[in-house]
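**Student:** Chain by chain, the residues:
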Amino acid sequence: MPFASFCGTTHSFISHSHCVSQLLCLSVISSFQMQFMLLFSRQGKLRLQKWYVPLSDKEKKKITRELVQTVLARKPKMCSFLEWRDLKVVYKRYASLYFCCAIEDQDNELITLEIIHRYVELLDKYFGSVCELDIIFNFEKAYFILDEFLLGGEAQETSKKNVLKAIEQADLLQEVRHLMKSMWGR
Amino acid sequence: MPAPIRLRELIRTIRTARTQAEEREMIQKECAAIRSSFREEDNTYRCRNVAKLLYMHMLGYPAHFGQLECLKLIASQKFTDKRIGYLGAMLLLDERQDVHLLMTNCIKNDLNHSTQYVQGLALCTLGCMGSSEMCRDLAGEVEKLLKTSNSYLRKKAALCAVHVIRKVPELMEMFLPATKNLLSEKNHGVLHTSVVLLTEMCERSPDMLAHFRKNEKLVPQLVRILKNLIMSGYSPEHDVSGISDPFLQVRILRLLRILGKSDDDSSEAMNDILAQVATNTETSKNVGNAILYETVLTIMDIKSESGLRVLAINILGRFLLNNDKNIRYVALTSLLKTVQTDHNAVQRHRSTIVDCLKDLDVSIKRRAMELSFALVNGNNIRGMMKELLYFLDSCDPEFKADCASGVFLAAEKYAPSKRWHIDTIMRVLTTAGSYVRDDSVPNLIQLITNSVEMHAYTVQRLYKALLDDISQQPLVQVASWCIGEYGDLLVSGQCEEEEPIQVTEDEVLDVLEGLLVSNLSTPVTRGYSLTAIMKLSTRFSSVNRIKKVVSIYGSSIDVELQQRAVEYNALFKKYDHMRPALLERMPIMEKSASNGPTEIVQTNGETEPSVVEPKHLPPVTQPVNQANDLLDLLGGNDVVPVIQTTMPTKPASAGGELLDLLGDLSLSAIPPMTAYNKNGLKIDFTFERANPNPNIAVITIHASNSTEADMTDFVFQAAVPKTFQLQLLSPSSNVVPALNQGTVTQVIRVLNPQKQQLRMRIKLTYTLKGSPVQDLAEVNNFPPQSWQ
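These protein sequence lines map, in sequence, to chains A and B.
Just so you know, we're using the numbering used here here: the first sequence kicks off at 1 and counts up by one.
Just so you know, we're using the numbering used here here: the second sequence kicks off at 187 and counts up by one.
All the pointers check out, no bait thrown in.
One-sided excerpt, in silico: chain B residues whose CB lies under 8 angstroms from chain A: (1) D280; (2) H378; (3) L546.
What the hints contain is simulated information worked out from the structure, not anything from laboratory work.
Beta carbons: idealized from backbone N, C-alpha and C, even for Gly.
In isolation and in its complexed conformation, chain A is listed as follows:
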């Protein structure tokens, strides 16, 4: 994979019209990074989008559209990995939802499958036998759970129990009307 030259500390983008070049630009030296995760239905409706690289709305839409089309065109007998532009895409279908991650060249596809599986397990534990409707009607919770599991595209907690505990506690906090320093003093 060609390395683009780093854009400098002010992070002014090299002005490529093609958004994939920007993806490359950002992946300068680190070749282990999840760039984004998409969840979509079999009809191609987006249910969750988490971007770990900065892109414009227009670019995100374009990537989403293309990738969704590509993944939906895959036949069931095919493997879970595909090369897409300069990235590797790892996807897996759980019931009516496709979970799709874009990782970089040096990343380990098999462990990414485990990451996806862990996220599904967390959703399942939280919602109790999760289905697509849960994700549709509680999309913000799906994001909260994801953000307790991954940060910047990397796993921050490898214990299922700890992630769920943190979510539980944070949910409780929503009940409290105001956060005041004196009440919760450290």
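Given chain A's structure and the hints, the job is docking chain B onto it.
**Tutor:** Chain B alone, transformed into the frame defined by chain A:
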């Protein structure tokens, strides 16, 4: 003002919309309501409204007017507000807009909040989308949190630091002290994120890498942690299918890879643990294989001992037999990376790899194909080629071009015999002829030309192929060219390799003319067939038929075809005496470099291309003049053919260098000489030296005619020994006037790099008083100065 509808109710309502238009209408209505609510600065329902906006944004509708509202939510004291506010910021804001900088202060405050979950929100947001400016401003806060004893925050701070370093690499140094005792943590979350942070630092900075190797003794620490993970008993919290914290194991293995690369000591220190992981990991589930995969990658990248490398390749070999196609896929990918360095080890798995050509998955097939080509060698060429040709027959069109190129290349490198080589090419052309790359046509022509003993066989097979199918252009072009060249062999029925077919001249011309008129033929193909037909005028007896065809195309709409036809017509009419010479058999072409097709496309870019940059011979479409008879007389292959330009068009390649080398002509005192003097025709040579290259002699011939009648259609030809190169320029005229009233001059350039004695054989043809005259002579009396 009624309370804005709840989020879930909105979702329910929108989902009832039956058309896109209906949905849009609902959305527009709700957006209007939300906008007025925002205008009223309603604190109570802001959170609800932004949440709704985020839902509509996911459906694809614009939501930028909610950006500032997100900031207000972040600044709120309610946790619910902050949660939605930060989520909104991550979804709606991006670092290209200055608005995002307004977040910085809020984040800073929240990083110091008394509630860890608020701090967590801030760290998460910063670590996902913080711009370089924000990172600069807040790096100090992150660094502080990296040192906290609260593991919930510490792990998040570590990943946040990773992001900061990615955005602002110069800040890496400031995180160094905080990494000191990260690995002594018991908490797996902290361990995992710490390993990620250390990986990032080592990857980015060779100094850091050296520091962690030498000073911090990172390798032993990592080895110890990994060992504990493997040896420790069942730990329910981190267990995945019987394996303890596979995520952490994989990250450790990855960091070990970076530390061990190009470093003997580090590699040695991790040798045992790698062997242990490789042999003890449970392989029944994906998770175990994920760890094995990472282990293999590490073993191959560091300076591991050979036993370990063989172990790694064997693991990959076992992967190839796994039922799970994902595993087979990663195995092929990894083998592709190692095939250059551990070629023999990978060869042992060749048959399994070849079986993968039949896999249903496109990615697996592609990798198997690339790997197969990498494994072809002189010993297995026959067997491998059988499999690859079978693959070529049945594979998807997207593979055919690359596969065909690969076959040509492998065949060229390892062909066991010329017959086999031609057969293989034929097979590719007939099964995948339309996918073959354009540059293959001249390469194949050159190959066929140089396989002298196979000419009859080749032309026969190509002819038969044409009878079956004229739709594949590269096949048709090569076949036309061959028929034009070797059509005489075709009709004479001389084939040693297989049963000769009986075909008449008319049948051959039918086929070639058929190509000219067919809708399937491209203009290039038509050009090939017209030229072929023309060439047959010296090999066949049905010249009149050919003349007719050629004259028809003199008014073709296709300019290229028209030009050719006109020129060939001229050849018939005005230069008929030159025609035999012009259209004679091609000489053996010099091979410049490996004329293989361009490199096989490697989709993951891992393997080094195994092909040299191809040097193309220009497609030989112009008739080339060469004095075959002269060659024979001077002793077989001893002589280099002469390229004569009869028309003022670009010369063919062989003479090109002479043109380039020629600088100013400068006179030097080389005496002129008479080369030939017979029957009233006298030819004198005068000499010049070309500067700056002293190896080139420039000879001007002066032909004069002392008889009473003009000598018309005068053609001068020359041949020199092999160590020389010669080029003839256009003559001043082809009529030598009678009674010495004028001379015909022509320039010859001779390149004589070995400074050998110049010899020349010349051939003269002209018409005198209606009768053609031809004579041959040898010129040996060159003055020494002309070649010393």
